[in-house]
Each structure stands twice: as C-alpha cells, then as structure tokens.
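A.B. asks: Residues per chain are reported as follows:
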Amino acid sequence: MEQLKVKLNVNGEPIELQVKPNETLLNTLREQLELTGAKEGCGLGACGSCTVLVNGVPTRSCIILTAELDGSDIITIEGLGDERNLDPLQQSFMDKGAVQCGFCTPGMILTARGLLNRNPSPSREEILKAMSSNICRCTGYKKIVEAVETAASLEAGDK
Amino acid sequence: MITSKFEYKKPSTVGEAVQLYNEFRGKAVYLSGGTDLVPRIKLGLEKPGLVIDLKGIKLLTQIQEEGDFIKIGSLVRLFDLKQNEIVKNLFPALLASLDATSCETLQMTGTIGGNILQDCRCIFYNQSEFWRRSKGFCLKMGGEKCNAVPGAKTCFANYCSDNATSLCTLKAEVELVGPDRSRRINLQDIYTNKSDKPFSIEPGEILTSVFIPKEKTSGGYEKLRVRCAIDYPLLGVAFSSVNGVGRLALGAVGAMPYVLELQQPFADTVTDAVDAILNKISPVNNTVLERDYRKRMIPILAKRLVNNVMEGAK
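Sequence order for the protein chains is A and B.
First residue of the first sequence: 1, per this note's numbering; consecutive thereafter.
First residue of the second sequence: 1, per this note's numbering; consecutive thereafter.
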C-alpha cells in the first residue's frame with residue numbers, strides 16, 4: 001500500500017505527514033501525532049466522541065480518511081485553549097460540572113465550538129439540536145446544555 | 001481502524017474519475033462524504049482495491065437553476081442544502097427530510113448524492129465481520145439464507161435514505177455519467193426493488209446531479225425512529241402536493257421508496273391509498289422496532305402528515 005504525502009495544519013502548526021490510504025484522521029491524530037483527546041467510541045460515526053474541527057466544521061474523525069484532508073486545518077481539543085487560557089467552553093464545562101466520565105467531553109466541546117462559531121447566540125433549541133449529534137453514555141445532557149449556554153453568554157459579554 | 005487495504009485517488013473531473021474506475025474495474029468504489037461508505041468498509045461489507053474520492057470535482061458542489069428545474073450537484077452537503085433559499089421556499093418535504101437526516105454533524109459531512117446511493121440496511125447485515133461470520137453469511141453477503149426471516153430466499157434489508165423518499169414525491173430526476181454514456185432518468189427508476197442489489201446503476205456510473213422541477217410545493221416528512229437524532233429511519237413518510245396532485249412516498253420499509261399518487265381531497269383518500277399499498281410491501285423483523293408496529297405506523301404517520309400539510313396550506 002503506497003503511502004501518501006499529506007499537508008495539514010493541526011492546532012495551528014503546519015505539518016507534513018506520510019499516511020496510509022486506509023488511515024483515518026482519528027488514527028493519524030492519536031497514533032502519529034499523539035493527540036489522544038479525540039476518542040474512539042463506536043468507530044462508525046454514530047457516537048461523536050471523535051469529533052474534531054476540520055476547516056472549522058465539526059467532523060467525525062473516525063470515518064474520514066486523512067488522505068481526504070490534504071491542505072485542511074484541524075483543531076482538536078488540545079488546540080482549543082491551553083491551561084492558562086482555556087476556551088470559554090472548556091471553562092464552562094468545568095464550572096457547570098458538565099463532565100462525568102469525560103469520554104464524550106472533547107467531542108461535545110468541539111461540536112459546541114462549531115455551533116458557536118457559526119451562530120454566536122444560539123437558542124436553547126438550537127443548542128439541543130447541535131448537541132444531539134453527540135452521545136453521552138453517562139446521560140448527563142442537562143449540564144452540557146447549560147455549559148454551552150453559559151459559554152455563549154460569556155463570549156457575547158466579551159464583545 | 002480500517003483493516004482492509006486500498007489505494008486512494010482524488011481526480012478533479014468526472015471523466016478522470018470514470019477512467020480510474022475503468023482501470024480498476026470491479027475493485028473501485030466512489031467516495032463522497034463517506035458517512036455510509038467508510039463504516040461499511042470498516043465492517044468489511046465493502047473491500048475495495050481503490051477508493052476514488054469525488055470531492056476534488058468542484059463542478060458537483062453547485063446548486064443552480066436550469067430551465068424548469070433546480071439542479072443540485074451530487075456533492076452538495078446535506079447541511080448546506082438545508083440552508084438553501086430555493087429548497088426552503090419550494091420544497092418543504094425535502095427541507096424536512098434533510099433536517100431529519102441523522103444529526104447536524106453528519107449532515108455537514110454527508111452529501112445528497114451519497115445519501116441517495118446509500119446501501120440498504122438490516123440489523124443482521126450492518127455488523128462486524130466477526131459477528132456476521134458467527135451467525136453465517138446472509139444473502140446480501142453472498143450466503144445462501146436470510147438471517148432476518150428463516151427460510152427466506154429474498155433479502156429484506158431496508159433502503160433508509162430520508163431524502164430520496166422526499167425527492168420521489170417531488171418527481172426528482174438524476175443525471176448519471178458513466179464509461180459509455182450519460183443519461184438522465186427519474187430518481188424512482190434507479191431502484192431494482194431488490195435489497196441485496198438496490199440500484200440499477202451501471203458499473204462506473206456516477207450520480208452527478210439531482211434535478212427537481214421548479215414549482216412551489218406544499219409538503220412534509222415524518223420519520224419513525226427510537227431517538228430523535230443520529231438514527232436511521234425505521235419508517236419514513238414524505239408527502240408533496242403541487243397543482244392539485246399529491247404524491248406520498250414510504251421509505252425504510254423495503255428496498256426502495258414506494259410512491260403513490262393521491263386524489264383530492266388528500267386527507268380523505270390517503271387511508272385507502274395507503275391500505276392498497278400495504279399489501280405490496282412486507283416489512284420484516286430486521287430493525288430495532290417490531291415489524292407489526294412499523295406496519296401499523298404507516299397509515300398513522302401518512303394521515304398525520306397529510307393532515308398537517310393540508311392544515312398548513314390553508
């Protein structure tokens with residue numbers, strides 16, 4: 001199987017990689033780049049725990065081939081903020097206790113980031129709709145929705 | 001992880017894509033959004049030698065008016081199509097089915113062409129190779145028996161495209177470009193009504209565009225599923241009416257959308273029309289809901305949908 005050369009910008013850093021044609025973005029992130037924030041849940045695109053932003057769009061990294069993404073910008077949970085400067089969503093997920101086991105959290109936060117990027121002041125209904133792309137098996141959706149609402153109003157206050 | 005090995009190519013024209021297909025004949029598959037294909041490859045249901053990524057063909061990402069039709073490129077993402085003003089204004093059934101498809105994140109990846117050409121689904125088929133091997137391969141996997149209906153020699157997998165069901169009520173047509181010819185046919189004519197090989201598309205043909213007659217319709221879409229996001233339909237009912245003609249389509253209860261024309265007044269004729277088609281379709285116990293329940297819900301959802309649409313049109 002011939003390796004392919006792919007250029008990506010991952011969390012703001014341009015990188016050039018050799019990938020196998022059957023390598024998913026999730027494989028590349030976790031195994032080549034050691035970015036283990038994105039999680040493999042179902043591995044079939046249903047659960048959303050592998051969600052990352054591809055060119056700003058929430059994307060299931062377990063069902064997209066890295067080869068498809070030559071030239072793309074990827075943001076993973078590691079690149080959203082750092083310890084001193086958290087993304088408002090990361091902060092609000094902590095403040096609201098919107099994390100139980102934490103497995104779905106990176107995907108939840110990146111789905112929410114995608115929503116707030118395209119719609120800075122979503123209604124509760126719009127938040128529910130966007131967040132229903134992701135499954136939390138601890139089933140604690142209430143606080144997740146509250147955390148997204150809080151982050152949205154925090155960001156609105158910043159402007 | 002994907003265990004099967006394949007080559008990957010990304011052509012920039014339809015001609016190049018078809019040529020690549022010819023070079024790898026029998027071993028190549030076309031990839032658009034990948035939300036149906038990649039899971040199938042992961043489960044070993046598809047073992048291609050070459051994946052031809054169509055996303056390099058920019059021509060297929062446009063929506064435009066062409067004569068009496070709206071022409072939608074097959075690579076238009078479902079989420080983008082849902083935001084389109086023409087769709088919002090003219091085709092409420094399509095708007096509703098787009099909105100009901102899976103979830104927003106997958107709508108942003110999946111394309112309209114890929115959604116139409118998704119394979120039929122069955123809880124005994126969409127499983128890992130290990131699982132399927134232990135049960136014994138079914139007809140759709142090249143085996144000799146159906147695992148959903150003991151003794152059956154026919155495959156009963158369900159065609160689960162929400163949007164093809166609504167597009168059939170809108171009299172949509174599709175353009176297919178292949179190695180030998182291009183053709184434009186009614187969407188309804190791409191189906192074989194056989195779940196193990198659902199499409200009559202010739203090897204190498206690419207669905208390049210969907211055409212919808214440019215008419216303002218009334219309509220809607222009702223979807224039966226266990227949870228209101230991500231799930232495939234366990235029954236889909238679409239209805240569109242224009243110029244006094246009503247078309248109802250049933251999805252996810254067989255190998256294709258089943259379309260029936262309704263006479264006016266639609267709210268009064270829908271029950272009889274649906275009763276007549278119930279004899280011709282036979283949902284079986286191959287989803288997470290029981291066959292009898294799904295069948296009983298057909299007239300209920302059909303009537304509810306038609307009533308709601310006619311109420312809204314007043």
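No wet-lab data here; the hints were simulated from the structure.
Because the structure is a prediction, the values reported are computed rather than measured.
Be aware that one or more of the hints could be misleading.
Unchecked claim - Output of the computed footprint for chain A on chain B, the stretches with three or more beta carbons under 8 Å from beta carbons of chain A: (1) 5-13; (2) 33-39; (3) 51-57; (4) 105-111; (5) 228-237.
Claimed, not checked - Mimicking DSS-like on lysine-lysine, the simulated pairs with C-alpha atoms at most 30 Å apart in a straight line are: (6) A/Lys-5 - B/Lys-55; (7) B/Lys-5 - B/Lys-197; (8) A/Lys-20 - B/Lys-10; (9) A/Lys-142 - B/Lys-82; (10) B/Lys-153 - B/Lys-27; (11) A/Lys-20 - B/Lys-82; (12) A/Lys-5 - B/Lys-58; (13) A/Lys-20 - B/Lys-5.
Just so you know, even glycine gets a beta-carbon here, dropped at the ideal spot from N, CA and C.
A.B. asks: All hints are to be evaluated individually against the structure, with a verdict given for each.
C.D. replies: Cross-check of the supplied hints:
Given as covered by chain A, the segment 5-13 of chain B passes the check, having 5 residues with a CB less than 8 Å from a CB of that chain where 3 are the minimum. By the rule of at least three residues with a Cβ nearer than 8 Å to a Cβ of chain A, the coverage given for the segment 33-39 of chain B holds, with 4 such residues. With a threshold of 8 Å between beta carbons, the proposed coverage of the segment 51-57 of chain B by chain A holds, since 3 of its residues qualify and at least three are required. Counting residues of the segment 105-111 of chain B whose C-beta sits closer than 8 Å to any C-beta of chain A gives 4, which meets the bar of three, so the coverage hint holds.
Only residues whose C-beta sits within less than 8 Å of a C-beta in chain A count toward coverage, and the segment 228-237 of chain B has 3 of them, enough to reach three; the restraint holds. At roughly 18 Å between alpha-carbon atoms, A/Lys-5 and B/Lys-55 fall within 30 Å of each other, so this suggested pair holds. As the CA atoms of B/Lys-5 and B/Lys-197 are separated by approximately 24 Å, the hinted pair is consistent with the 30 Å bound. Between A/Lys-20 and B/Lys-10 the CA atoms are separated by roughly 14 Å; this keeps the pair inside 30 Å, and the hint holds.
A hinted pair counts as satisfied when its Cα atoms are at most 30 Å apart, and A/Lys-142 with B/Lys-82 qualifies at roughly 27 Å. Pair hint B/Lys-153 plus B/Lys-27 holds up; C-alpha atoms about 27 Å apart against a cutoff of 30 Å. A threshold of 30 Å between alpha carbons decides the hint, and for A/Lys-20 with B/Lys-82 the separation of about 34 Å lies outside it, so the pair is violated. Distance restraint check for A/Lys-5 and B/Lys-58: the Cα-Cα separation of roughly 22 Å lies within the 30 Å cut-off, and the hinted pair is therefore satisfied.
This hinted pair checks out: A/Lys-20 and B/Lys-5 have alpha carbons roughly 9 Å apart, not beyond 30 Å.
Of the numbered hints given earlier, the model fails hint 11 alone.
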